[in-house]
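Enquirer: If you read the protein sequences in the order shown, they are chains A and B. Per our numbering, the first sequence starts with residue 1, numbered consecutively. Per our numbering, the second sequence starts with residue 1, numbered consecutively.
There may be inaccurate statements among the hints.
Said to hold, decoys possible - Interface residues of chain B toward chain A, partial, derived using beta-carbon atoms under 7 Å:
no., residue
1, 97
2, 152
3, 153
4, 191
Hints in this document: simulated from the structure, not taken from any laboratory. The C-beta atom is built at its ideal place from N, Cα and C for all residues, glycine as well.
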Amino acid sequence: MAERTIGTDISPPDLHAKITGRARYAEDFHAEGMAFAKLLLSPMPHARVRSVDTSRAEAMEGVLGILRASELPRPEQGTREGALSDEPLYEGAPILAVAAVDETTAAAAVEAIRVDLEPLPFVLDPLDSLREGGPNARTDGNVPGEDGPTSLKWPDSVFDEAGPDRLPMGEPTAEWAIGDVDAAFAEADVIVEETIVHQSVTHHPMEPRSCMAYWQNGKLFLHGSTQSTERTRGPVAAMAGIDVEDVVMIGEYCGGGFGSKIAGVPIMAVPAVLSRKIGRPVMLRITRYEENYIGRARAGFQGWAKIGFRSDGRMTALDLYLVQDSGAYGASDFFTAGTVATASYQPENMRFRGVPVYTNTPPRSAQRAPGGAQIVAMLEPVVDKAARELGVDRLEIRKVNAPGHDGWLGPNQGPFTSAYVREALDLGGELFEWEGRSQLSGRREGTRVTGVGMGLSPFTAGSNGRDGLLVIRPDGKLHVHQGIGNLGTHSIADTARAASDVLDLDWDDVVVVWGDTSKHLPFSTVQAGSQTTHAHTRANHAAGEAMVGLLQELAALELGGSATDYRVADGRVFRAGNRAAGLSFAQAAERAIARGGKFSGGEIPEDLHDVTKGAVAGLAGEGLIAAAKDNYGQPGAVFTWVATFAQVELDVETGEVEIVDLASATDCGTVIHPRSLAAQTNGGVFQGIGMAKSQRWVFDPQWGIPFTKRFYTARPPGILDVPLSPRFAAVNEPDPHTPVGAKGIGEPPVGAGEAAYACAVADAMGGLCLCRTPLTSDMILAELEGRPRPYGLLDTHV
Amino acid sequence: MLDAEIIQSRRGGFTRRKFIKGVIAAGATASAAGYLFRSSGVLAPMLSAQGAVERLVTLNVNGQQRRVDVPKHETLAMTLRYQLGLTGTKLGCDRAECGACTVLLDGVTHYGCSILTHTVRGREVTTIEGLEDDGVLHPVQQAVIDEGGFQCAFCAPGFVMSMVGMLDKNPAPTREEAAVLLSGNLCRCGDYDKILNTAMRAAELSRSRA
Ligand code: FES
Ligand code: FES
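Here chain B stands alone, though its shape is the one from the complex (with noise of 0.2 Å):
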């Protein structure tokens, strides 16, 4: 079969055409992407030679300083999952395209998946892990509660962030303006309606926590 002719068909009838022989493949042209991390220092000449050194740094999570080593090819994400245990951070895609991974950075909502950890140095990071005050739930958690909000909930934690920043900028947003502003997360579920239910309910309690 090494000379086997490829026969392609397309509407119109039949083209035939010699398909190349004996291909050899290094696994390159569909292996290796996707997320990546690393935890030893194995690989450090070739990761050195991307410039991809583990530092010490010191992050502000949740009110709290951490210090880890990271190298600098590593998102906060998986800084955040897998060096700080905070997995309620969720990977949906890795590449912008979700916002399951959303975080807040000083009050602002940023995709972890897509910002370097070593960037964040100095700002304040906020996971779902540091919204419960002292045991109470954030306005929005609550708001989750109260509306029964989620099906699978894996979208979940990254809409909590997304409305929890909302309403920072925004206290009091109409259903159109927090759909708009929740755009950047996605549902597969497709739980909108009750996203916006909560997304309401958290503005209402915000409001009369304050």
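Looking at chain A on its own, in the form it has when it is part of the complex (with noise of 0.2 Å):
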């Protein structure tokens, strides 16, 4: 028997060339001939191009071509963002590329070309726009309505009521409601009202989205950083315009994108277009600076929650308003938002409502646990506010109101495949020794005092119906074709895990195929939504068991007897009891090609997607075939949960906080690597610190220009700034409706540890929550000491 590798940590199979330099990421592939392409910025943070001059650009010498925005075959449209745009809704969004010879020479051609610009009327407060005679980013409205963006103005009367303090609540685009929160709170023995701010924070995944492309045989070339290999051709194909058969994606190493690069990223329509347009490869290298503008971000909130509780600490009542700074394009977030607060509390009664708005702020788009990290943050303090007058241990809170498998999840309260919170939440206080740890709060050693927090938070983590392609060929190895790409998380490799052990094989016969859609790859799921994980472990699950029924079928084919007389383990198929009569896999590989059909890619199952057949029929007679769906069935959201806890030192000279211990658990079900597994916790807990702490959007208000552009403004945590030795456990119990029981992990740590953060730092400060990220060291400093705001209480971006 083959050691079963679920379960065990692995090296990754790309970890030699990471290491080694061979990787290759975007920038570092280089074509004959390649030029370079060069991006001009609005200056402005909303404007409509009226005319450019290029002549100057175009008699230098070494300059090679000039790409418009009306030439892209997918130009914007409503509030579809294009690569570059004539009417820049943010300041340092594209207007048009140069190309030229070398990169200094795009430079200066860009200095060189005049764009004259009419400047409109700009925004970057969701509340301003909403308030009557308030500017709108977006020349079509300030909110989304039926058929597309249109004008929403709350009567001066809401402001006035809300005062400068409180939310001003008016008419919202969505609200949904479960029972009667009036009436909850009417009977409500605590209720608890809070304003809150949540920043709006740039992705900044390590490598910036650069990317190279050129043409060959009619046929575009893509190198990029995506996190979807697969997934990607088609919306480079749209945006080249042409067919998805005549794009090769290639994404073998993505340097992260936590949401910003899920199937690719509008910015390669620049590359692609413009190495068309001049006959040469392009490459487009995109500069940190750039990344702030066209990197995507994370949507902000000003929210208000007001929560009302019976004695024993059960959320009876929860009525939560958000307005969304949704950026120049939208963002989903806030409802999402409503959605993860039932997956948290299960409240007895809940309304919510929400207004997205549009400002003149670069693009937002899905940031690990969207809407979700938001929220949880948001209220995870103020929960502890509740407990601390209601007397109830803040851990018990949470599982007194943590769902079960009987919860329910959102609007519709439809039902989970599984839920061990309780059990998650336990063992994260145990691993914490959240009982003594909890005594330390407010405990004064010289300037420094204690507080400990924790968070808990639920996002989504999975999805179904995806294909898995098997390849045994003649040198015996088990090839596991993935769609999905390789953006750090180690999927590629894990969810492979899954096939492998099936066919009780040995981990070192199986050879990842992934990274180039050359390859014949199946169909995939988008890396997003943590789905990965959960998707294609039953994909290649489900792969795995036609492989061993393909195996069976022919070794009783060419042995003798029936198929059910044989068995598959350590890469051969052998009559049971007799190891000896049988086939290795190098056997089986080639009497699958000489028979054909159905064994070497010739019939293909009905059910598979397009992309799959087209995959296999690429592979046909290369090998032992084995292609399948994943059509295990999902009766329910599948969710994961991270319960973080932390223990920080404030210093109230100083306003400095220091983390001292952080400890997570999480129910992801059965954990496939566990090293891999505790790694992106800790990773995803770090960058909730990050946006809780120290990560922040400032802008110049009379200009609408931002001042945080690089990482000396706006620093991500770095390895100071964290614990030396974080802790973490997982529950480890399977999904009941997931074949191999595992489900995804990446996106719930961050509002974890976000939310961690902010509930320790108010234990520190005797449980004052400032309800707002992040909480830098001036705004507790002037909290403390008792000095007036530096900011207004619903200001964003401070």
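The two chains are supplied separately, each in an independent frame; assemble them into the complex guided by the hints.
Expert: Next comes the structure, spelled out in structure tokens:
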């Protein structure tokens, strides 16, 4: 018997390349005759291009071509963002691109271009836009409507009534309710109410979204940084205005995405179209500075919550209002936030209201737990406040409200596939020694005051219906074809383990094929929503079972008897009880090729996606081929929960906060790769802490221009900002509705870390919740010293 | 809309002001800042005005003598990546903020993005590609394999070089010391726990190989 690989640590197969410099990320591919492109970015937050004079640039030696927005096959339309725009909607929006023989020339040419811009009204703060007479970020409106953007204004009375410190709550664009919150508030033992601001944050993966493209025989070859290889092909084809079959997408390594590179990125259109125009390969290198503009960001919220509790800590009513800063093109975080709140607290009654408002700030996209991280970080400190008033332990109040397996999600109150939430809370509590640690709260040593806190964070963690594709080649190895991307989660390897375990195969005999759509990749999920681990352990499990069936059938045909007489293990198919009577995988591959038909890709299961059918056809005759669709079914929402516990020390003289200890526990189903799981959890927790502590957006309100464009002004956590040895544990109970039992992990740690930090800081301040992110030292200090706040309670971008 | 009134409201009410009427932007405000390099002589007059003529220099990279033409303003990271084909050195920020470009000069860590190529003549440049010894991984590289280090690994070459430089200075660092010595590198995936495990393992391997 081969050793089961699920649940063990492996060294990912791409690691050697990553640490010898052989791994090639997008900017590492260079082509013969490659030109370089530079972007001209808008110097204004909202403007219309009246005219462009490129004559001086075109006269420069070495300039090869200029690309305007109008030349894009799929130009900007409504809220659909284009790679280039003649109506830039934020400072830094790309207006045009220049290609030249080298980058210095391209940059000089950009400088030589004169753009005549008509400035248009702009807005940075959603609430400004909702006022009567307030500016709209877009010429077609400030909020999404039925058929595109529309204008929404609230009467002055809404703002006057709210005053400066409470969220004004006019007519929302979205709302839903469960039960009757007003009746529940009337009965509640404790009611807490807060206005809360959560900032917008740029993703800033380490690898900027640089990309290189060239054309050969009518086909576009695009080297780019993407979270999902196979699923990026379609968007790239649309950008270039060609058939999907004519795109070869190469994305072997992705230097981080966090939601900002889900299925490619809009800017890929520039090298793709420009290289066709000038007839040469084009490299577009994106700088860190540009990444701040076009690199996507999490949507911020201005929110209000009123929460009612029974004396035992049970949440009887949650009334939530969120105004979302959507950037110029929109975001749906706010709606998700309402749903995620139910997965934390199962409120007996709930009302959700929200308005997403366009602003002239960089475009938003999903960022690790979009909506989820924000709402968890916003509500957890408020729940703590109630726990204090109720005299209920803070861990206990979360356990009282957490869903069990009979829990429900969102306005439709649908079921979960599994929910070991209390188990995760208990496990984390033990790991952190919550009982003892929570006694340290408020301890003062010199100028340092201890705070402890915790955050519970749920997020979606799976999907179904994707395809798996396996080939046993004459080399005797199992080749697992993966359409998913390689963004650092190790899932290209880890989801392949489902197939190798079904085949009872040694992990050394598995070859993972990924990263290049010319290598025949199956239809896959986008690597977003923490779906991959769940979706592709399922797909590869299904393909593994299909492969076992084919091996048994093949053996029976070759060696006699019936298929059920045969077993598969250790790279052989053999008669039960007699290992010698059988075929090695290498022999099986050869016989499969000789027989053809269903054994070697000649017959293709009907229910496969067209993409997979194409991949199988492309591989036909190369070995024993099994492809299958995940038809396992999924009777509920797949969710993962992470509970993070933090101990901090707040220096009351400087307002600085040091994180002394962190411990996290999760219910993400069966653990596939313990070391990688812990790393992803800790990394997500750190990203959450970055949002709560050090990363920030600050704009010049007069000109709409960001000040915080680089790491030194908005720094993500460094190695000295986090504890030396964060701790981690997993419940490790299989989800009963998926064959491998595993759920995703990517997203929930972010909100858990952010909330644990916010709660611990509030705890160090004697339970005082500042109810905003980031919590900078100057804010904390002003509060501690009773000085006037350097910001308004509703201000964003401070 | 030419004379559109831009409305600015801050907390405490509105202030209204006239926006500048019609603006000609020459793309200078927010355009070409960032990485630049050149591979042809087309801008010779302009570049020489900036004192940036190319000159042939000999570099010692990973133990080999390499002759390259470099303009005065070219950074080492760009020369390595675009002239010598050594793309293992990454650019994460190009402005001394992240350490993805870390290389060794005479055994000491430097940000390759922030040092000019012509200034490293006569010095020993070591990049991630130069760490293997006859196909045998450097102890730091082996430690990464042993510990399953890094997630996206875009920061990895920089961290690995920093660890090599660190062990040269301090062959037996504590976890705390290692964190300080590696604090010039940023990992956006937040893989710091495994990075420190790797550093500890690397120190152990280096000692046992020595
Ligand atoms: S690329 Fe040199 S420090 Fe970031
Ligand atoms: S592993 Fe992704 S930046 Fe370090």
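Enquirer: Each hint needs a verdict: does it hold in this structure or not?
Expert: Now the hints, each set against the structure:
Because the beta carbon of residue 97 of chain B sits about 4 Å from the nearest beta carbon in chain A, less than 7 Å, this interface hint is met. For residue 152 of chain B, the suggested interface contact is upheld, since its CB lies about 3 Å from the closest CB of chain A, less than 7 Å. The interface hint given for residue 153 of chain B is met, as the beta carbon of that residue sits about 4 Å from the closest beta carbon of chain A, less than 7 Å. Taken as an interface hint, residue 191 of chain B checks out: its beta carbon lies about 5 Å from the nearest beta carbon of chain A, inside 7 Å.
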